[in-house]
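**Student:** Below, each chain spelled out in residue letters.
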Amino acid sequence: MEPIHTLRSRTVVIPSTNIDTDQLMPARFLTTTTREGLGQHLFADWRYDSEGQPIADFVLNRPEAQGCRILVAGRNIGCGSSREHAPWGLYDYGFRAVISTEIADIFRSNSLKNGLLPIIVDADTHAWLLAHPGVELVINLETCTVTLPDGRAVAFPIDNFSRYCLLNGVDETGYLLSQVASIAAYEARVGA
Amino acid sequence: MSPTTLFEKIWRTHEVVAETADTPAILYIDLHLTHEVTSPQAYSMLRERGLPVRRTDRTLATMDHSTPTDADQLFGRIPIKLESAAEQVSQLERNCAEFGVELFAVGSPHRGIVHVIGPELGATQPGKTIVCGDSHTSTHGAFGALAFGIGTTEVGHVLATQCLLQRKPKTLAVNVEGALPTGVTAKDLVLSIIRLLGVSGGTGAVIEYRGSTIRGLSMDERMTVCNMSIEAGARAGLIAPDETTFAYLKGRLRAPQDDAWDTAVATWRTLRTDTGARFDREIHIDAATLSPMITYGTHPGMSVCIDESIPLHGDVVYQKALGYMGLTPGQSMLGQPVQVVFLGSCTNGRLSDLEAAARLLKGRQVAPGVHFLVVPGSDAIKRAAEAQGLDQVFKDAGADWRESGCSMCLGMNGDLVPKGAYCVSTSNRNFEGRQGVGSRTLLASPATAVAAAIAGHVADARLLA
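Just so you know, the protein sequences line up as chains H and G, in that order. Mind the numbering: the first sequence is residues 305 to 496 in my numbering, read in order. Mind the numbering: the second sequence is residues 21 to 485 in my numbering, read in order.
Think of the hints as simulated: they come from the structure by calculation, not from any bench. Keep in mind the model is a prediction, meaning the values are calculated, not measured. Every residue, glycine too, gets a C-beta built ideally from N, C-alpha and C. There may be inaccurate statements among the hints.
Said to hold, decoys possible - To give an idea of the chain H side of the interface with chain G (calculated C-beta under 10 Å), a few residues:
(1) VAL317
(2) THR321
(3) ALA331
(4) ASP409
(5) GLU440
Stated by the list, open to error - Label-pair distances were calculated between CB atoms; the ranges are:
(6) H:ALA457 with G:THR33: 54 to 62 Å
(7) G:GLY120 with H:GLY455: 56 to 64 Å
(8) H:PHE362 with G:GLU35: 30 to 38 Å
(9) G:GLY218 with H:ASP463: 47 to 55 Å
(10) H:THR310 with G:ASP300: 20 to 28 Å
(11) H:PHE362 with G:GLY271: 26 to 34 Å
(12) H:GLU368 with G:GLY346: 25 to 33 Å
(13) H:GLY455 with G:THR309: 50 to 58 Å
(14) G:GLU35 with H:ALA457: 30 to 38 Å
(15) H:GLY356 with G:TRP281: 25 to 33 Å
Said to hold, decoys possible - Stretches of chain H that chain G covers, calculated by requiring three or more beta carbons in the stretch to come under 8 Å of a beta carbon on chain G:
(16) 352 to 366
(17) 377 to 386
(18) 411 to 423
(19) 441 to 455
(20) 480 to 487
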């Protein structure tokens with residue numbers, strides 16, 4: 305995984321609340337056996353009509369959304385299914401951060417493991433971001449802040465371990481594998 | 021020692037390493053359930069790193085999500101229509117063979133929906149930690165197991181190390197007291213709880229369902245309740261094990277046998293929240309106030325009592341949802357025409373669900389123009405239902421009796437609700453497009469599903485009985 309320190313990008317805003325992982329990645333795309341190429345299916349049923357043609361007024365199809373790496377979403381994004389295909393799709397599409405006031409547990413955990421920053425901000429900041437699509441933000445993982453265009457820095461919470469892994473490009477699998485002695489000791493202790 | 025919750029007791033006994041300010045806990049996983057959809061990339065990771073599955077004896081695999089429910093396709097008499105689904109299923113077979121994981125493949129008497137077969141085999145037991153790459157893993161909490169859904173990267177973690185990195189969740193007690201009114205089922209109870217909590221009300225928490233109503237539920241009913249914990253955003257749902265739990269498990273294939281059984285039960289009896297233990301949050305529900313429920317919107321929190329109208333006013337989500345659903349504010353749900361009825365899923369695809377449905381359906385007919393799909397939760401349930409002649413009741417009424425699997429709950433296998441059609445479904449999610457592009461799902465109990473199948477529109481099952 306590539307280390308992440310700062311991310312500077314304009315935002316795309318999808319204000320819907322409770323964007324579930326079925327919207328992010330409909331089930332018919334889950335028969336894949338790899339992680340690659342899921343960006344083309346991200347928000348498939350909002351992006352394309354029944355003929356497979358782009359729906360012009362959906363935000364991801366508009367020219368100003370191209371190249372944006374920060375998605376600002378309505379409250380409680382990522383609810384529903386545990387499918388990691390949702391963050392894989394967001395990442396493959398080009399997003400590196402998702403901002404909301406609430407982010408569902410499994411989606412949040414999956415995002416952190418794939419270099420996609422789940423960022424929770426206060427309601428006022430969120431309302432401002434929803435009302436101002438396309439603004440340029442700077443996300444700094446060293447200081448755990450999102451800097452708004454007026455220079456105001458808003459703090460976001462992230463646990464120390466996830467932050468360390470993201471800053472250093474450390475993958476959690478490697479960390480767990482380094483703990484096998486403790487795991488073996490536990491198995492011996494409880495007779496597992 | 022200070023009084024502790026059931027959750028805390030299970031958590032503590034599975035800490036390989038406790039959490040610190042800088043590192044999450046390393047939590048030991050007793051049982052890892054896997055299936056074809058969320059495991060392929062995890063096996064690829066093992067292969068890339070040259071790792072084995074650490075504990076094949078703690079890993080079970082089944083195929084359920086993308087398998088056809090049409091017997092000819094399932095048993096290979098004709099090719100599986102969806103090529104990618106066929107490839108995913110055969111990849112699971114190759115992965116399990118290569119890594120030595122026990123697989124309940126097509127033809128195995130134990131195959132079925134992953135959350136149905138764990139309990140059925142007696143592999144799901146009180147006090148265990150159980151994970152699966154599927155959010156409805158919360159189902160197993162009905163046995164007093166700490167069970168939660170994980171992503172595919174974490175499936176890889178468990179395959180490689182039998183452990184997960186976890187921050188300790190908060191606790192939420194949902195206390196339900198009193199008798200459920202006649203015609204009100206476990207599904208109605210959990211839909212009511214989700215309406216009350218909201219779809220993110222349980223985020224970051226493990227729910228413990230408590231109180232006399234919960235203690236009075238059968239294991240099948242408890243599984244229905246715990247299954248939908250995730251629909252309130254919760255990590256897991258738990259119910260303390262009791263005599264009902266032990267009676268269900270006794271004699272099952274993977275349950276402890278003989279002397280080991282007595283030892284296990286003695287341990288399981290200690291798995292309860294101590295008097296005076298504190299939860300981070302508690303809510304209270306009076307069972308007498310509950311009614312049969314049905315959803316009208318695009319998340320499981322958007323529900324009404326069956327005889328209520330759709331709320332007149334709501335926020336932007338509400339407006340958008342009603343637009344998608346083609347429903348009108350103030351409209352009564354009773355009488356809403358339906359074209360499809362789905363009875364099945366890990367929420368309501370167990371034998372008692374089929375029995376309840378067949379009791380109401382016997383001697384009646386599915387309305388013209390309604391496709392009533394009945395999909396048992398497992399092959400064992402299918403056999404048991406057929407032994408009782410339930411399949412004949414469904415077929416005689418004009419329903420479509422299928423092979424077991426996840427089927428129309430998420431439509432991965434090609435069992436789809438047509439665009440724009442309304443489906444009364446006993447499953448767990450009514451998200452946009454969940455049952456197929458443009459599908460309109462109305463979540464309800466098996467009884468309400470049967471009532472709709474007979475009437476051809478949303479109807480009150482209490483008037484059928």
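**Student:** For every hint, state whether the structure bears it out.
**Tutor:** Here is how each hint holds up against the structure:
1. Violation of the interface hint for H:VAL317 is found here, the shortest Cβ-Cβ separation to chain G being roughly 13 Å, above the 10 Å cut-off.
2. At a threshold of 10 Å, the smallest CB-CB gap from H:THR321 to chain G is about 5 Å, leaving the interface hint in force.
3. The closest approach between the C-beta of H:ALA331 and any C-beta of chain G is roughly 4 Å, which is under the 10 Å cut-off, so the hint is satisfied.
4. The closest approach between the C-beta of H:ASP409 and any C-beta of chain G is roughly 6 Å, which is under the 10 Å cut-off, so the hint is satisfied.
5. Proximity of H:GLU440 to chain G is violated relative to the hint, the smallest CB-CB distance being about 26 Å (cut-off 10 Å).
6. Judged by the Cβ atoms, the range 54 to 62 Å given for H:ALA457 and G:THR33 is violated: they are separated by roughly 43 Å.
7. Taking 56 to 64 Å as the suggested C-beta distance range, the pair G:GLY120 and H:GLY455 conforms, at roughly 58 Å.
8. Separation of H:PHE362 from G:GLU35 is about 46 Å and departs from the stated range, judged on CB atoms against 30 to 38 Å.
9. The supplied range of 47 to 55 Å is broken by G:GLY218 and H:ASP463, whose beta-carbon atoms lie about 24 Å from each other.
10. Range check, H:THR310 to G:ASP300: about 35 Å between beta-carbon atoms, so the 20 to 28 Å window is missed.
11. Here the CB-CB span from H:PHE362 to G:GLY271 is close to 55 Å, at odds with the stated 26 to 34 Å.
12. Restraint check, H:GLU368 to G:GLY346: a C-beta distance of roughly 32 Å satisfies the suggested window 25 to 33 Å.
13. Our hint of 50 to 58 Å for H:GLY455 and G:THR309 holds, since their Cβ atoms are close to 52 Å apart.
14. Separation of G:GLU35 from H:ALA457 is about 37 Å and conforms to the stated range, judged on CB atoms against 30 to 38 Å.
15. At roughly 57 Å, the beta carbons of H:GLY356 and G:TRP281 sit outside the given window of 25 to 33 Å.
16. Check on the segment 352 to 366 of chain H: 1 of its residues sit with their Cβ under 8 Å from a Cβ of chain G, so the three-residue criterion for coverage is violated.
17. Coverage of a stretch by a chain is defined here by at least three residues with a beta carbon nearer than 8 Å to that chain's beta carbons; for the segment 377 to 386 of chain H and chain G the count is 7, and the condition holds.
18. Coverage of a stretch by a chain is defined here by at least three residues with a beta carbon nearer than 8 Å to that chain's beta carbons; for the segment 411 to 423 of chain H and chain G the count is 4, and the condition holds.
19. For a cut-off of 8 Å, the count of residues in the segment 441 to 455 of chain H with a CB near a CB of chain G stands at 0, and the three-residue condition is violated.
20. Under the rule that three or more residues need a Cβ within less than 8 Å of chain G, the assignment of the segment 480 to 487 of chain H holds, with 6 such residues.
The structure is inconsistent with the numbered hints 1, 5, 6, 8, 9, 10, 11, 15, 16, 19, although it conforms to all the rest.
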